[in-house]
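Asker: Sequence order for the protein chains is A and B.
Counting from 154, one number per residue, gives the positions in the first sequence under the numbering used here.
Counting from 154, one number per residue, gives the positions in the second sequence under the numbering used here.
Simulated from the structure, these hints should not be mistaken for lab results.
There may be inaccurate statements among the hints.
One copy or any two copies: either way a pair holds, since identical chains are not told apart in the list.
Result set (DSBU-like, lysine-lysine): computed pairs, CA atoms no more than 35 Å apart in a straight line [unchecked claim]:
no. : residue 1 : residue 2
1   : Lys400    : Lys187
2   : Lys155    : Lys437
3   : Lys193    : Lys437
4   : Lys400    : Lys330
5   : Lys187    : Lys330
6   : Lys437    : Lys187
7   : Lys193    : Lys400
There are 2 protein chains.
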Amino acid sequence: MKKLMNRVDDMLAESLRGFGAAHRELVEVSTEPKLVMRRKRKADGRVALISGGGSGHEPMHAGFVGHGMLDAACPGEVFTSPTPDQMLAAAEAVDAGGGVLWIVKNYSGDVMNFEMAGEMYSGRSATVLTNDDVAVESSLHSQGRRGVAATVVVEKIVGAAAERGDDLAACQALGQKVNAASGSMGVALTSCTVPAAGRPTFDIGDDELELGVGIHGEPGRRRVAMMAADAIAGELVETICESVAPKRGQPVLLLVNGMGATPLLELYLLFDAAVRQCDQRGLKVVRSLVGNFCTSLDMAGASITLTRLDEEMTGLWDAPVHTAALRWGA
Amino acid sequence: MKKLMNRVDDMLAESLRGFGAAHRELVEVSTEPKLVMRRKRKADGRVALISGGGSGHEPMHAGFVGHGMLDAACPGEVFTSPTPDQMLAAAEAVDAGGGVLWIVKNYSGDVMNFEMAGEMYSGRSATVLTNDDVAVESSLHSQGRRGVAATVVVEKIVGAAAERGDDLAACQALGQKVNAASGSMGVALTSCTVPAAGRPTFDIGDDELELGVGIHGEPGRRRVAMMAADAIAGELVETICESVAPKRGQPVLLLVNGMGATPLLELYLLFDAAVRQCDQRGLKVVRSLVGNFCTSLDMAGASITLTRLDEEMTGLWDAPVHTAALRWGA
Numbered sequence: 154m155k156k157l158m159n160r161v162d163d164m165l166a167e168s169l170r171g172f173g174a175a176h177r178e179l180v181e182v183s184t185e186p187k188l189v190m191r192r193k194r195k196a197d198g199r200v201a202l203i204s205g206g207g208s209g210h211e212p213m214h215a216g217f218v219g220h221g222m223l224d225a226a227c228p229g230e231v232f233t234s235p236t237p238d239q240m241l242a243a244a245e246a247v248d249a250g251g252g253v254l255w256i257v258k259n260y261s262g263d264v265m266n267f268e269m270a271g272e273m274y275s276g277r278s279a280t281v282l283t284n285d286d287v288a289v290e291s292s293l294h295s296q297g298r299r300g301v302a303a304t305v306v307v308e309k310i311v312g313a314a315a316e317r318g319d320d321l322a323a324c325q326a327l328g329q330k331v332n333a334a335s336g337s338m339g340v341a342l343t344s345c346t347v348p349a350a351g352r353p354t355f356d357i358g359d360d361e362l363e364l365g366v367g368i369h370g371e372p373g374r375r376r377v378a379m380m381a382a383d384a385i386a387g388e389l390v391e392t393i394c395e396s397v398a399p400k401r402g403q404p405v406l407l408l409v410n411g412m413g414a415t416p417l418l419e420l421y422l423l424f425d426a427a428v429r430q431c432d433q434r435g436l437k438v439v440r441s442l443v444g445n446f447c448t449s450l451d452m453a454g455a456s457i458t459l460t461r462l463d464e465e466m467t468g469l470w471d472a473p474v475h476t477a478a479l480r481w482g483a
Numbered sequence: 154m155k156k157l158m159n160r161v162d163d164m165l166a167e168s169l170r171g172f173g174a175a176h177r178e179l180v181e182v183s184t185e186p187k188l189v190m191r192r193k194r195k196a197d198g199r200v201a202l203i204s205g206g207g208s209g210h211e212p213m214h215a216g217f218v219g220h221g222m223l224d225a226a227c228p229g230e231v232f233t234s235p236t237p238d239q240m241l242a243a244a245e246a247v248d249a250g251g252g253v254l255w256i257v258k259n260y261s262g263d264v265m266n267f268e269m270a271g272e273m274y275s276g277r278s279a280t281v282l283t284n285d286d287v288a289v290e291s292s293l294h295s296q297g298r299r300g301v302a303a304t305v306v307v308e309k310i311v312g313a314a315a316e317r318g319d320d321l322a323a324c325q326a327l328g329q330k331v332n333a334a335s336g337s338m339g340v341a342l343t344s345c346t347v348p349a350a351g352r353p354t355f356d357i358g359d360d361e362l363e364l365g366v367g368i369h370g371e372p373g374r375r376r377v378a379m380m381a382a383d384a385i386a387g388e389l390v391e392t393i394c395e396s397v398a399p400k401r402g403q404p405v406l407l408l409v410n411g412m413g414a415t416p417l418l419e420l421y422l423l424f425d426a427a428v429r430q431c432d433q434r435g436l437k438v439v440r441s442l443v444g445n446f447c448t449s450l451d452m453a454g455a456s457i458t459l460t461r462l463d464e465e466m467t468g469l470w471d472a473p474v475h476t477a478a479l480r481w482g483a
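All chains should be modelled from the sequences, with the hints used to inform the complete structure.
Answerer: So, in structure tokens, the structure goes:
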């Protein structure tokens with residue numbers, strides 16, 4: 154295993170400290186009473202959005218803390234759920250009277266710990282569970298579909314709604330709607346290597362592709378011979394459409410997400426292939442995003458996410474956002 | 154070789170088409186008379202900044218086309234200089250009366266072709282050559298130091314000067330000043346693989362590090378056993394400081410740049426290590442940037458760049474920029 158690191162045990166703390174220093178105008182790395190990456194300015198009576206999960210998916214979630222998106226992120230150890238008391242500390246730090254919305258990716262550990270935090274928290278809170286991965290129905294770490302890159306879309310759109318002052322019930326309903334309108338599926342060309350394990354999570358041949366891989370290297374639908382980008386985009390978009398069921402003419406957001414070790418040259422090529430697949434199905438790609446957003450350490454590969462957009466969701470997507478990893482508007 | 158692609162011969166065209174579609178509000182992919190990635194809105198009498206070079210370094214340079222940075226980028230084939238007629242086409246497309254500033258990384262092919270374009274172009278033009286790589290004095294493809302990630306800093310700062318209306322001579326002098334105030338050095342953990350070659354550019358062991366690698370996989374200073382991030386940051390910052398010679402108390406911009414296949418978790422960790430190295434030398438890290446900006450296809454590795462900042466350069470760095478890969482301000 155070769156990684157830019159010192160000791161395995163210090164890796165997360167050093168990386169988060171670096172993140173905090175690089176984005177000190179946006180995010181505060183709070184360690185008392187528990188590790189929380191919190192937005193510098195509080196929400197002023199607005200709903201506070203809190204997400205979190207195992208580390209190794211950067212920039213998710215700390216990279217989405219800031220104006221128009223998250224109020225706090227709770228980073229767990231690599232591929233390990235944060236603890237309920239981290240989530241509780243986050244809620245107590247950022248709830249400004251509007252209550253807390255937990256945005257939780259559907260993995261058993263995350264679901265259990267966020268539930269526990271909700272019970273421990275004395276303020277009002279509600280949950281949005283993301284489960285957009287159409288590849289498999291259940292997996293190593295999840296009952297039901299896994300939550301993957303559409304979580305970024307949920308956080309962006311609901312973050313804009315919270316920023317304009319929507320209440321807790323409205324933010325929760327909107328988050329559930331965005332999740333239901335979204336589907337994702339990924340492929341891996343290589344495995345990731347968890348630092349504490351020191352060796353690749355799975356073996357994959359020089360001519361093989363894992364179709365439908367999870368963001369922790371969980372098995373996907375099947376192992377196949379390496380495919381052309383057009384064929385990959387075709388299978389991913391087809392499988393997503395079976396689930397999301399967009400009609401012809403449907404405006405969609407198309408997100409092509411890198412798994413961590415895939416260069417932009419290839420991500421934009423996959424985006425081009427995915428646009429052509431959408432065109433063939435009569436879908437209108439009206440918004441798009443290409444880059445590394447929901448990653449799997451040093452895995453080479455990518456995922457495609459489609460979200461059916463309506464007018465309100467499009468407007469909220471376009472609303473200003475100012476975070477380390479997403480930034481546009483005023 | 155596994156890459157997200159269709160045919161090797163179509164890789165660049167498909168990727169650029171995807172880039173153009175994803176960023177159509179910023180950049181136009183112009184193919185007549187020659188391939189140019191051009192800014193949507195012209196410079197209105199202001200100096201037009203044009204850069205370019207071999208592809209494979211994305212988001213450099215097309216990702217820096219837009220408000221406050223480049224007016225056009227000329228992408229060559231992978232690791233191959235663009236042609237003089239591409240550069241000429243770019244100048245004719247974006248010169249709005251203020252003349253053209255060519256920003257050229259110091260590689261023999263690029264230097265020769267940009268010189269030829271300058272001779273062919275009937276309008277006014279001037280050149281800024283970047284040669285910030287302190288690792289080696291000459292290399293496979295360069296006489297003198299190679300131009301690497303400080304090119305991003307030059308393009309950002311001079312782009313802001315052009316946007317506020319500085320004339321051609323002032324923009325050239327500023328670019329030369331920023332380049333002279335900057336030094337960079339990189340490391341590779343793995344080789345890149347050029348698509349047309351189909352195999353890694355160089356062999357490197359599972360426990361080895363190439364110190365001072367070039368962005369085309371050119372040899373660096375030496376091949377060593379894998380080092381801890383603190384030791385890497387120490388050697389890079391030390392070598393850069395020998396060249397850039399900052400005094401104690403000097404305000405600097407610190408850029409930690411990924412080579413393409415290095416996850417953010419590791420880049421922020423290297424940033425943390427580099428900040429501590431700067432602290433030890435009494436340097437003040439007043440501005441920073443962490444991410445993939447000047448890459449080398451699918452190489453795992455990173456580079457560190459330091460730029461001595463003065464008040465004017467800091468203000469121009471902070472000025473609004475709106476491109477695919479850098480975006481802040483109004």
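Asker: State for each hint whether it applies.
Answerer: Here is how each hint holds up against the structure:
no., hint, verdict
1, Lys400 to Lys187, "neither (46 Å within a copy, 39 Å between copies)"
2, Lys155 to Lys437, "between (42 Å within a copy, 30 Å between copies)"
3, Lys193 to Lys437, "between (37 Å within a copy, 22 Å between copies)"
4, Lys400 to Lys330, "within (17 Å within a copy, 56 Å between copies)"
5, Lys187 to Lys330, "within (32 Å within a copy, 46 Å between copies)"
6, Lys437 to Lys187, "between (44 Å within a copy, 29 Å between copies)"
7, Lys193 to Lys400, "between (42 Å within a copy, 33 Å between copies)"
The structure is inconsistent with hint 1 alone, although it conforms to all the rest.
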